[in-house]
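A.B. asks: Here are the chains, one letter per residue:
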Amino acid sequence: MFHDGEIRFKKILYVIVTSVFCLFYSTRESQAIDVFTGFSSQGMKKRILVVGPITPKQGSPVVEEKLALKMKKIFLYDLRYSGYFDVYDLDDLFMGRSAPRIKDSPSLRKMLPQGTKYAVGGEYTLDESRISCEATLLDLSSGENVLKNITFRTQKANHRYLIHRISDEIIRLLTGEKGICNSKIAYTSRVMGNNTSFNEIYEMDYDGHNQRRLTSAKTISISPAWSPDGRILAFTSFLANSADLYSLFWDGSNLKRLTSFKGTTSAPSWSPDGKLIAFASSHEGNMEIYIMDRYGHSERRLTHNRAIDTSPCFSANGRELCFTSDRAGVRQIFIMDIDGANIRRLTYNKRANDSPSWSPSGEHISYSSGNGVSNAIYITTIEGLRTWQVTTRGNNEAPCWSPDGMHLAFSSNSSGRWDIYTVDIYGGKLTRLTRNGRDNTSPSWSYHDVE
Amino acid sequence: MFDSCLNKVRNWYNYLTLLLGRYGMLKNAVTLLLILFLSVVLVSVGCHKASKDSQVRPTPTQAVVPEYIPAPEPPSWDPHQPRQPRGIDILVSESKGILQDVHFSYDRFDLNSDSKRQLVQIAEWLTQNSDVRITIEGHCDERGSNEYNLALGERRANSCESYLVALGIDSSRLSGISYGEERPIDSGHNEFAWSKNRRCHFKLMLY
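Chains as they are written, first to last, in the numbering used here: chain A, 6 to 456; chain B, 4 to 210.
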C-alpha cells in the first residue's frame with residue numbers, strides 16, 4: 006500500500022466509526038441528571054440577621070414569657086425559611102446571659118457575628134384578648150429602625166399571624182420581594198373509618214401550624230387547588246357519588262358544585278389570572294383535558310387523543326399548560342398551548358412521569374417520576390435540557406411550587422406514612438410539615454391575601 | 004492484533020473499491036455509499052430498539068374483544084311460564100359467591116384469562132336474573148398520581164363492562180365508576196397489598 010493511501014484509509018475509517026457512535030447513542034436516552042443540592046451554586050449572597058428577644062412594652066397589662074419566646078421562634082423560622090438570610094438567635098449568642106434589647110444598639114454590635122447587617126426585635130402589649138407588637142428592624146450600620154414604628158395588632162389567638170405579617174414586611178423592605186410567611190397550603194388527608202376510609206380537604210399555615218379541616222362530606226375529596234389569590238379552593242369530590250369538581254371559600258363556606266359531567270372529572274388547575282380552570286374529564290368517553298371559566302361554564306376540549314391525558318397545570322404566564330399523557334407508551338410530561346395546539350413532549354425517559362407543576366418564574370417544571378415503588382421529585386428546565394433529582398428516599402409525589410418559587414412542596418412516604426414536605430430550591434433543605442397520624446398528600450400552595 | 008484487523012478491513016475496502024471501480028464508480032462515491040449504507044442500518048436498528056422499549060398499550064377499543072366463548076347454558080326455567088321473582092336475600096347471598104373481584108396487572112387494564120372466566124360466570128348469573136343491575140367499580144394500587152389512577156380505574160371498569168356487554172348483558176344494567184387509589188382494601192405498602200387493590204369490584208344495585 007502507498008503511504009498516502011494508508012492515511013486516507015484511516016481517515017475514512019475514523020469518520021465511519023464516529024458516525025456509528027453518534028447514531029447509536031442518539032437513539033438512546035442521553036439525559037444527564039444532576040443530584041439536587043439546591044440552585045445556590047450561583048452563589049445567592051445571604052444577608053446576616055440577628056433576632057433578639059421579644060420583650061413586653063412598658064405598661065403592658067399582661068406579661069407572658071412563653072408567648073414572647075414563641076413569637077421569637079416564629080420570627081426565626083420565618084426569616085430562615087425565606088431563604089434570603091442567615092439568621093442568628095441573639096439569646097444563643099449570649100448563651101444564657103440575658104441578651105440586651107435590640108434597641109440598645111452600641112453594646113450589641115461588638116457581640117455579633119462579623120458582617121451582621123440587621124437586628125430584629127419587638128415589644129409586645131398584651132391584654133386578655135388582644136396582642137399588639139411594635140417591631141424593630143435595626144440597620145446596624147446606620148442605627149436606624151427600618152420598620153419605622155409600625156405596630157401590628159390582632160386577637161391573642163392569632164399571634165402567629167401577627168409575627169408572619171411582620172416577617173413578610175421585613176422581607177419586603179430588605180429584598181423587595183413578597184414574602185410567603187402568611188401563605189397557606191391545602192392538602193388531602195385520608196381518615197381511616199371502620200370498614201372504609203374517606204378523604205377530606207385540609208389547610209394549614211405554610212409552616213405546618215393551624216391545620217384545619219375544610220370539608221366534612223365523609224366521602225372522597227381530593228386534589229385541592231387554590232385560586233391564585235387564595236380566596237377559593239377548587240377540588241374533586243364524590244359528594245354526588247361520582248367524581249366532579251367543587252369549590253369552597255377559603256374559610257370552608259359556600260360550597261358550590263362546578264361540574265356535573267358523566268364519568269370522572271378531576272385535577273383542577275387555575276390560570277394565573279384566576280379566570281379559568283383547566284381539568285381532566287372522561288365525559289366524552291376518554292380522559293381528556295378541558296378548560297372552563299371559574300364558575301364551571303363554557304368548557305372547551307383541548308386534547309383529542311385516545312391516551313389518558315390528565316393532571317394539567319397552567320404556565321406562569323397563562324399561555325401554556327403542561328400535563329401528563331401516556332400517548333407515547335408509559336406516562337410522560339407534555340406541554341401545549343392554551344388552545345390545545347403545539348403539543349410537545351418534555352420528558353424522554355423510561356420511567357412513569359406524572360403530576361407536573363410549572364414554577365412561578367416560568368423557567369422550571371417539577372414532576373414525579375419513577376417505577377411506582379420509589380418515585381422521586383424532579384425539576385427540569387422548560388426545554389428539558391437540565392434535570393435535577395430532588396428526593397432520594399421513599400415514594401414522592403404531587404410536587405407544587407410555593408407562590409414565590411423559592412420552595413417546592415410534595416407528599417412523601419419516606420417516614421412510613423404519607424406526609425407533606427417542602428424543599429428549599431436554593432439550599433436543598435427538607436422540612437416536614439405534617440405529623441398528624443393520617444396520610445397527607447397533594448399539597449396546593451398559595452398566597453392568602455384575604456384578611 | 005488491532006493492526007491485523009485493520010489490515011483485513013483495509014484489504015476488504017480496497018477490494019470493494021477495485022470491484023466497483025470496474026463499474027466506473029469513483030473511490031469517493033464508494034466511501035459515501037458505504038457511510039450511507041451503515042447509517043441506514045444503524046438508524047433502523049436504533050429505531051427498532053426504541054420502538055421495542057416503549058410499551059405498546061392496547062387502545063381502549065382493542066382491549067375488550069372477547070375470544071370465542073360458548074353461549075351460556077339455556078335458562079333453567081320455562082320461558083313460557085311467568086317467572087317467580089326471587090327474594091332479595093337469595094340474590095344477595097348468591098351474589099357474594101358470584102360477584103368476586105377481578106384483578107389486573109400493574110398499570111394495565113386488559114383482562115387476563117382468569118378475569119374473563121369470572122366475567123363469564125357473572126354474565127351467566129346476570130342472564131339468569133334479568134332484573135339485577137350491578138355497579139362495576141374500578142380500583143388501583145397507591146402507586147401513581149391520584150388523577151392518573153382515577154383514569155386507570157375507569158379503564159378497568161370499562162374493560163369489564165365491555166366484556167359483559169359482548170357476552171350479551173344489556174349495558175343499561177351495568178354502571179361503571181372509578182375510585183382510583185382512594186378505596187384500597189389493603190392499606191399495606193407492598194406488592195401483596197397492591198395486587199389486591201388492583202381490581203374491579205362488583206356491587207349489586209338494590210332498589
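Worth double-checking, as some hints may not be accurate.
If you want the footprint, here are the derived chain A segments under chain B, 3+ residues with CB under 8 Å [unchecked claim]:
{"no.": "1", "stretch": "224-231"}
{"no.": "2", "stretch": "354-366"}
{"no.": "3", "stretch": "373-385"}
No more than 25 Å apart at the CA atoms, straight line, and that leaves these computed lysine-lysine pairs for DSS-like [as the list claims (entries may be wrong)]:
{"no.": "4", "chain 1": "B", "residue 1": "199", "chain 2": "A", "residue 2": "223"}
{"no.": "5", "chain 1": "A", "residue 1": "280", "chain 2": "A", "residue 2": "223"}
{"no.": "6", "chain 1": "A", "residue 1": "223", "chain 2": "A", "residue 2": "267"}
{"no.": "7", "chain 1": "A", "residue 1": "78", "chain 2": "A", "residue 2": "62"}
{"no.": "8", "chain 1": "A", "residue 1": "50", "chain 2": "A", "residue 2": "78"}
{"no.": "9", "chain 1": "A", "residue 1": "153", "chain 2": "A", "residue 2": "183"}
{"no.": "10", "chain 1": "B", "residue 1": "11", "chain 2": "A", "residue 2": "16"}
{"no.": "11", "chain 1": "A", "residue 1": "161", "chain 2": "A", "residue 2": "75"}
{"no.": "12", "chain 1": "A", "residue 1": "153", "chain 2": "A", "residue 2": "75"}
{"no.": "13", "chain 1": "B", "residue 1": "119", "chain 2": "A", "residue 2": "223"}
{"no.": "14", "chain 1": "A", "residue 1": "115", "chain 2": "A", "residue 2": "50"}
{"no.": "15", "chain 1": "B", "residue 1": "11", "chain 2": "A", "residue 2": "267"}
{"no.": "16", "chain 1": "B", "residue 1": "119", "chain 2": "B", "residue 2": "199"}
{"no.": "17", "chain 1": "A", "residue 1": "15", "chain 2": "B", "residue 2": "11"}
{"no.": "18", "chain 1": "A", "residue 1": "16", "chain 2": "A", "residue 2": "78"}
Partial pick of chain A residues on the chain B-facing surface, computed with a CB cut under 7 Å [claimed, not checked]:
{"no.": "19", "residue": "155"}
{"no.": "20", "residue": "258"}
{"no.": "21", "residue": "259"}
{"no.": "22", "residue": "271"}
{"no.": "23", "residue": "287"}
{"no.": "24", "residue": "313"}
Rather than coming from a laboratory, the hints here were simulated on the basis of the structure.
We put the CB at the ideal spot given by N, CA and C, even for glycine.
A.B. asks: Within the assertion that chain B covers the stretch 354-366 of chain A, do at least three residues meet a Cβ-to-Cβ distance smaller than 8 Å?
C.D. replies: holds (count 4)
A.B. asks: Would the stated hint for residue 313 of chain A survive a check requiring a Cβ distance to chain B of less than 7 Å?
C.D. replies: This hint holds: residue 313 of chain A lies near chain B, its Cβ roughly 4 Å from the closest one there, short of 7 Å.
A.B. asks: Return the status of the interface hint for residue 258 of chain A: holds when the least beta-carbon distance to chain B is below 7 Å, violated otherwise.
C.D. replies: Not OK, violated: residue 258 of chain A not within 7 Å of chain B, min 25 Å.
A.B. asks: With chain B as the partner, please determine if residue 259 of chain A meets the hint condition of a C-beta pair closer than 7 Å.
C.D. replies: Nearest chain B Cβ about 25 Å off; hint violated.
A.B. asks: For a C-alpha distance cap of 25 Å, please report whether residue 199 of chain B and residue 223 of chain A respect it.
C.D. replies: Distance ~24 Å between residue 199 of chain B and residue 223 of chain A Cα, so the pair holds.
A.B. asks: Double-check residue 155 of chain A for me: the hint is only fine if its C-beta lies closer than 7 Å to a C-beta in chain B.
C.D. replies: violated (43 Å)
A.B. asks: How about residue 287 of chain A: closest beta carbon in chain B under 7 Å, or not?
C.D. replies: holds (6 Å)
A.B. asks: Keeping to a limit of 25 Å between CA atoms, is the pair of residue 280 of chain A and residue 223 of chain A held or broken?
C.D. replies: violated (30 Å)
A.B. asks: Would you check whether residue 271 of chain A satisfies its interface hint, that is, whether its CB is within less than 7 Å of any CB in chain B?
C.D. replies: holds (5 Å)
A.B. asks: Hinted pair, alpha-carbon criterion (25 Å max): residue 153 of chain A, residue 75 of chain A. Please report holds or violated.
C.D. replies: Given that 25 Å is the threshold and the Cα spacing comes to 24 Å, the pair holds.
A.B. asks: Is the coverage entry for the stretch 373-385 of chain A by chain B consistent with the three-residue Cβ rule at 8 Å?
C.D. replies: Check passed, 4 qualifying residues.
A.B. asks: Holds or violated: are the alpha carbons of residue 16 of chain A and residue 78 of chain A at most 25 Å from each other?
C.D. replies: Violated, at about 70 Å.
In terms of the numbered hints stated before, the structure departs from hints 5, 13, 15, 18, 19, 20, 21, listed from lowest to highest.
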